[in-house]
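Undergrad: Dock the two chains into a complex; use the hints.
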Amino acid sequence: MDKKTVTTISYLSRLKIDGEKEEKIIKDLDNIIEFVDQLDDVDTSNIEPLTNPLEKTAKTRTDEVTAKNLKNELLEIAPSSNEDYFLVPRVVE
Amino acid sequence: MTIKYKTIKEIKSMISQNEISNIEIVQEVYKLIDENKHLNAFITLNEENSLKKAEVLDKSSSNLPLAGIPIAQKDLFCTKGIRTTCASNILNNFIPPYSATVIENLEKAGCISIGKTNMDEFAMGSSNETSFFGNVQNPWGQKLVPGGSSGGSASAIAAGIVPAASGTDTGGSIRQPASLCGISGLKPTYGRISRWGMIAFASSLDQAGPMARTAEDCAIMLNEMCSHDEKDTTSLNDKIPNFEDNLNNSLNGKKIGIVKDLDLSSLDNDVVAVYENSLKEFVSMGAELININLPNLSLSVPTYYVVAPAECSSNLSRFDGVKFGRRSENPKDLEELYIQTRSEGFGDEVKRRILIGSYVLSAGYYDAYYKKAQQVRRLIKNDFDSAFKNVDVIMTPTTRGPAFEMGSKGSDPIQMYLEDLFTISANLAGLPAMSIPNGNIDNKPIGLQIIGDFLNESTILNFAHMYQKVTNWHNYTPEGVRQ
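Each protein sequence line maps, in turn, to chains X and R.
All residue numbers for the first sequence refer to my numbering, where the first residue is 1 and numbers rise by one.
All residue numbers for the second sequence refer to my numbering, where the first residue is 94 and numbers rise by one.
Just so you know, the hints here were simulated from the structure itself, not pulled from any lab data.
Note that the Cβ used here is the ideal one computed from N, Cα and C, for glycine as well.
Hints are all accurate, no fakes.
Label-pair restraints from in silico Cβ distances: (1) R/HIS321 - X/LYS68: 17 to 25 Å; (2) X/GLU22 - R/LYS173: 40 to 48 Å; (3) X/GLU34 - R/LYS562: 44 to 52 Å; (4) R/PRO388 - X/ASP84: 56 to 64 Å; (5) R/ASP361 - X/LYS56: 38 to 46 Å; (6) X/GLU34 - R/ASN370: 33 to 41 Å.
One chain only, chain R, in its complex shape (with noise of 0.2 Å):
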């Protein structure tokens, strides 16, 4: 028996079945590991300790949700006792004293957290070129990028390791790399998720959520990572429902919004195509589509390039080199200290960013910048409160196109930032919105967008789901379609 390529639910019932033993799956994962090892995908692997809880799941049977699930954590959680990068040099060496939230719930629940996956650094980029580690690469071409930030988590479960990871999502980085890799992944309503132990990038903006094979597996995972936390301030104690109930409803009168102010002219006509496709698909299960107006989506990705650097350069202002993480050598005073420790520790777009962010911040640039944005901010907000009076959920592609190959954006940053185009109006309005496959463009994926209404994630599960059981393309791997 092997557990490449399989599910959370199949696994599950694979270990009740006793088809395959608990210690028999995290040795095949660290022998999966090691035959991908050229996809870059993992930082700091977690064997020892892995092998141990599985043993003890051996000996006893856990009825617990998430038991002997091997999972995989986005290098941006922290982890106690185990190497927190953020995939940037100047966490090089940290090992954090405490777990974050997301984390203890995720183990709470019996998963196994097989190691810690690579990404952007800081979380700031879309193909995961930005690592301090290197480059992660897609498991369906050599030259392609798995998208970003959760580079590594998508990566990892698209080239069958592991069935699930955690990722985090700020301007799309649980939706994007999920788009380029073939796999689902979900963005929860700000609040869902407590930040807790997550390494800061915009407070205001980052969410974590589950990355997996299928929608239903996204409904498992999200049901142990939420949970009303008093050490995240806007963490919601609102009632967390069971997000698996919802799956199979009808989804017969149900309302899609579709965007008419998105401009579509610039994506290739493939791309077009796979989209419209699958609306088809969901007007056949009798949901009706209805046109809506975001008058105000355009200026998404401005409004986000200066509150998400706004909050960047408060947030990273922590990395000094006196507390934790690293610290240049022999600097001859303070000053040099906290300048040198930063100056080696941050790459070229983790820097561009803090600089653009002192600068929107700086006295006389203030409101014309960043309250500016916040302004716009609301405007994209109002926009969405509107159309979901009238729609269950709006529709977009994920990405402008399936995954590009490394280097092709250039030197210019601005082409990078616009891979974002459709995924960053759901952070700055809050709201949960997840990604899908639903294509394939000359053998590579490609996904489709559903955002929900604040606090709606079981809706969004629901369409995606029902999309799941008409359709094949979540099975699709880089190896062919699995059975």
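So that you can see chain X by itself, here it is in the shape it has in the complex (with noise of 0.2 Å):
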């Protein structure tokens, strides 16, 4: 884990680490993959992953509309919006 690999993964999440806490975690995500990689040192030939407790498929329903339209709720509870748009910064110029 060095500098170039915490700017990386810090733009793939979408954060911006303060210049003052970044040698702090650089060491925190370094120790965190040390610790993890006890791992490593177990054999893990011809075992599946296991994703999900239950290992059940997406269960499929009847294609009937249940759910209501609740479009004026969720666009009153936005940061910016009009009738009926999300607002955010203008994207294209």
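TA: Okay, here's the thing in structure tokens:
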């Protein structure tokens, strides 16, 4: 874990790391990765990954509309919106 | 009449005997909250609605199972019209337009949602020190943490403010604070309770559950919290038993698994003594101790710290300042809006976990970390599957010790992560597990963990209830043994 890696993953995470905290974060992440590296020693050949304890595929249901249209309620709690849309800073000049 | 330190069962009886009115109960709860402000157990109160609901209940005599019972709700559950923050600055102003299924279920059963309890930010923490709204205090001692992440819920029950609360548990967030605050708390089987409307942290591990003074009250709560929910694709459609039915079953001949691989040498002698004393108690009720092997148990913490951050980094990508929650001011473009909003909105621990998640999921590292951890996760689950062929439950201490002091874990995050050493494996395997008080060390409570087989909450509750019938630890309060 070095400065360059942390810069890359913070961008992937859309997070900005304050200069003063950078050193501590690099150290913390390094320790955490070193800690989880002990998994390397485990023999997992021919072991299927377990993604979910239920291991069931997604269920299907009857194709009926059950959701209510919450458009107004949802637009109302947005930081910025007009009658129909969420508003963000201009993307295309 | 007072409801302080009373159980759900006792309050129900007080209401039905007309010893107290619903309005008096709610008024007393808010008086207790006020007297215990220093605990910082609540983020948002729901006083006006609660008084109204109590007034309606007083005019009708309701037979609903939780009619008039004041319950505190963890601030991770969406509550329609009531601010829901997840203890994060990024949701500081979020008022959901709908309620979580579990909240609807509890309210349909007649309960009064008193307020929203403080917690670690996005449920990431084991001491309630990561909340944007400040630490919660453990009523057992001024400087003590209540545990986390459901620390506000545990603290409110331990202080006798409410008889019960909702909690959520991703790696121990119900059981660890239950242990540190001297109350009972159950994490059900993954899929037992709908996750719809629960703000997601790690979707394959998160599960809601009841927190209360007694195992019996947890059963009463669990009966109402469970339901099959089409809105959650991982919600189980299995039969939901009445969890009160088997509470009094005899333990004669039942088998308790004792984990041989568990290294208790790092624990204080007092903690080991408390644990061993409670095993003796079960033996005297006719249960048998069986040695079992869980050879991969020690890998549960590192496995968790790959799986949980990976899922968290994905789940928390929805907080971008566009559709809801807090947005940073005057971003110059969309990219800056995302970055500034998230950087200002999340606290350090949440950021750390998102970064770890992005790292283990990134190209080139996915197989080495994420896939590897999921393979080890299967090994851990296989260990439990084998063990449960021979035993009814597995018992361990819930925590490495009683409540610790705020700030005492220092600045190394791994020291805090190891708090969940005994609890995490149940989440990885999806199994139900509970913590019940089983002793006091230096006037601080500590808990016993009972892990059950898949969908076997009833057996756990049976063991816990029978233990509470012959012991008194669940009646200890910071002010002495309750009557």
